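Number of protein chains: 2
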Amino acid sequence: MQVAILAHEKFPGRAKTAVGILRYADYEVEAVLDRDRPGERVSDYLSDVQDAPIVAGMDDVSDVDALVIGIAPIGGGFDDSWRNDVRTALSRGCDVISGLHYFLEDDEEFSRLAEENDCDIWDVRKPHDDLTVSQGVANGVDAEIVLTVGTDCSVGKMTVTLELLETAKERGINAGFIPTGQTGIMIDGWGNPIDRVVSDFTAGAVEEMILERGDDYDYLFVEGQGSIVHPAYSAVTCGILHGSMADKLVLCHEAGKEVIHGYESFSLPSIEEYVSLYENLARPVQEAEIVAGALNTSGIEDGESARKAVESYERELGKPANDLVRFDADDVLEAIL
Amino acid sequence: MQVAILAHEKFPGRAKTAVGILRYADYEVEAVLDRDRPGERVSDYLSDVQDAPIVAGMDDVSDVDALVIGIAPIGGGFDDSWRNDVRTALSRGCDVISGLHYFLEDDEEFSRLAEENDCDIWDVRKPHDDLTVSQGVANGVDAEIVLTVGTDCSVGKMTVTLELLETAKERGINAGFIPTGQTGIMIDGWGNPIDRVVSDFTAGAVEEMILERGDDYDYLFVEGQGSIVHPAYSAVTCGILHGSMADKLVLCHEAGKEVIHGYESFSLPSIEEYVSLYENLARPVQEAEIVAGALNTSGIEDGESARKAVESYERELGKPANDLVRFDADDVLEAIL
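Order-wise, the sequence lines are chains V and E.
Quick note, the first sequence lines up with residues 1 to 337 if you use my numbering.
Quick note, the second sequence lines up with residues 1 to 337 if you use my numbering.
In isolation and in its complexed conformation, chain V is listed as follows (with noise of 0.2 angstroms):
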């Protein structure tokens, strides 16, 4: 499928789903729009990605199959200036695929182009009506499931999880990906947006996905969210947690992160202490270990200092650690295995 990403005005800094789509999705991106920098290049940023033109907008995409949102305001609503492009995508018959909490099919001018045109809006955020309370039965698929947690939101839980999925592919494992968010449903082209689901059917929604492909694999990479001490969104963790049932947690922590995002008066507990709460909490529902840890070091420049951080991480952890983007995923995917 040939894709158009937008991500105006954020690009790549503040643009993480596109970022992650350019990464990880299977898409032929045939452009970014950003009206800040058209006529440079998504390489002149990022070197460990697929190439594509930026361009000002949608009048300078030729025939593509999609449109994707790829940033989000803080908030989650639709920018207007946004609306322009969304509507030339729509009068074209491409399709548009949004993450946003604004569901741009209850949009009226967006709903009416889409019938016109006969294509579809694809908002990934709007959970389906079958959703339910979890049985407690996801153990019962023949897969492994691992499951990354976190000990704060943006520490880099999904990326973790799409390199590990990819790893354990080019080494011939069969391997399936269970996304929990925006970005990673975009990128899969399939899945339940948790944080979005009523919160009785948190469990039930990792559950349904964990059922629909467990019998299809022999491990499960399931992409944890935010973390079990976030003081807004623990629910959400602990849901998955206890949902997905999980065999196996890799803890992704970021280098030299204290306080809670956006919440600084919340001091991280002890690497310690995080290993005994999700292993602890796991145990009455579904007994699962901590075998390794991820470490997101991008915010450290120099490449030695970084390998220090993954050092020094390894040792609090007692478990093998790495960098899965900066240096490689063997060492994690291995104490997984």
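Bear in mind the hints are in silico, worked out from the structure with no lab data behind them.
Do not take every clue at face value.
Covered stretches of chain V, as calculated for chain E (at least 3 residues, CB under 8 angstroms) [stated by the list, open to error]:
id, stretch
1, 173 to 181
2, 228 to 236
3, 273 to 280
Computed Cβ-Cβ distance ranges for the label pairs, DEER-style [unchecked claim]:
id, chain 1, residue 1, chain 2, residue 2, range
4, V, Glu334, E, Ser298, 18 to 26 angstroms
5, E, Glu289, V, Gly318, 24 to 32 angstroms
6, E, Asn117, V, Asn280, 52 to 60 angstroms
7, E, Ser298, V, His128, 36 to 44 angstroms
Computed far set for chain V versus chain E, every beta-carbon distance over 12 angstroms [what the hints assert, rightly or not]:
id, residue
8, Arg14
9, Val133
10, Thr167
11, Phe327
Just so you know, these numbers come straight off a predicted model, no measurement behind them.
Beta carbons are placed, not taken as given, at the ideal position from N, Cα and C, and that holds for glycine.
Once you've looked at the hints, dock chain E against the given chain V.
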């Protein structure tokens, strides 16, 4: 406010909401609707709640302000055999209060009748639109926050919360209630249905209530939900624990219970493990201590055995405990103050 309570074929044993309202709400209950036992009275079954006649249907009820749906079938659907009673109520201009998952205001006939007769349908389980994520500030209110937590669902957390509230008030303590489930919300006439909010807003929906009431009271008693080890509902429990930022916890348990209700392959951890799990999980957000226990002995017939069960629970817990309905709430309240 004068109300009638619909409890067809289920009063009193399987009509938890109806009994909760009879016992704790300030409503004057004019009648209970149960087509299986017209002509009987509430007092034929229950001695410790307000009395009312039992009638076959709404036609036998004189003017009331509201009809309350006091039962919920598995799945929370609307039983069409109740339609005539709801229709009769709305036609008379009488409000209807429902905690069903099926929203009565989305029923075409009911919404038309409500409009024609200028009365309201209150779907207690429909969250309001302005909910958002927690800011992690519930501990800033003046009140001490006391939360009931459980070893499982349906062990009596709401009842214990309301018994503590009433006992505190009787002693002249300025105590308030934070309801989190449909029966609690009906009793109080206010509150967010935590199990129905968007999962990302679980903690935020609790925090919002505490911020609204927390400076008006010296103690706030927060109704807990589920259990931190429940395969399906732990997300809700975790969100309430962190969102409420409780100072003190009361661990509610049912005598003799060994497995999760409806999930019989899951054994309950030891009481000691529950204490560690709740306290350790609370700590990174807000230090909380389990200061007392509440044991539901309703399954034990003779008082002597019930007393022994309480003593045994007290030993396991290492804190004061009691059955707050069967015996009294004073010891547990003392441990909180």
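These are the hints, each one checked on the structure:
{"no.": "1", "hint": "173 to 181", "verdict": "violated (count 0)"}
{"no.": "2", "hint": "228 to 236", "verdict": "holds (count 9)"}
{"no.": "3", "hint": "273 to 280", "verdict": "holds (count 4)"}
{"no.": "4", "hint": "V:Glu334 to E:Ser298: 18 to 26 angstroms", "verdict": "violated, 53 angstroms"}
{"no.": "5", "hint": "E:Glu289 to V:Gly318: 24 to 32 angstroms", "verdict": "holds, 30 angstroms"}
{"no.": "6", "hint": "E:Asn117 to V:Asn280: 52 to 60 angstroms", "verdict": "holds, 55 angstroms"}
{"no.": "7", "hint": "E:Ser298 to V:His128: 36 to 44 angstroms", "verdict": "holds, 39 angstroms"}
{"no.": "8", "hint": "Arg14", "verdict": "holds, 19 angstroms"}
{"no.": "9", "hint": "Val133", "verdict": "violated, 4 angstroms"}
{"no.": "10", "hint": "Thr167", "verdict": "holds, 30 angstroms"}
{"no.": "11", "hint": "Phe327", "verdict": "holds, 29 angstroms"}
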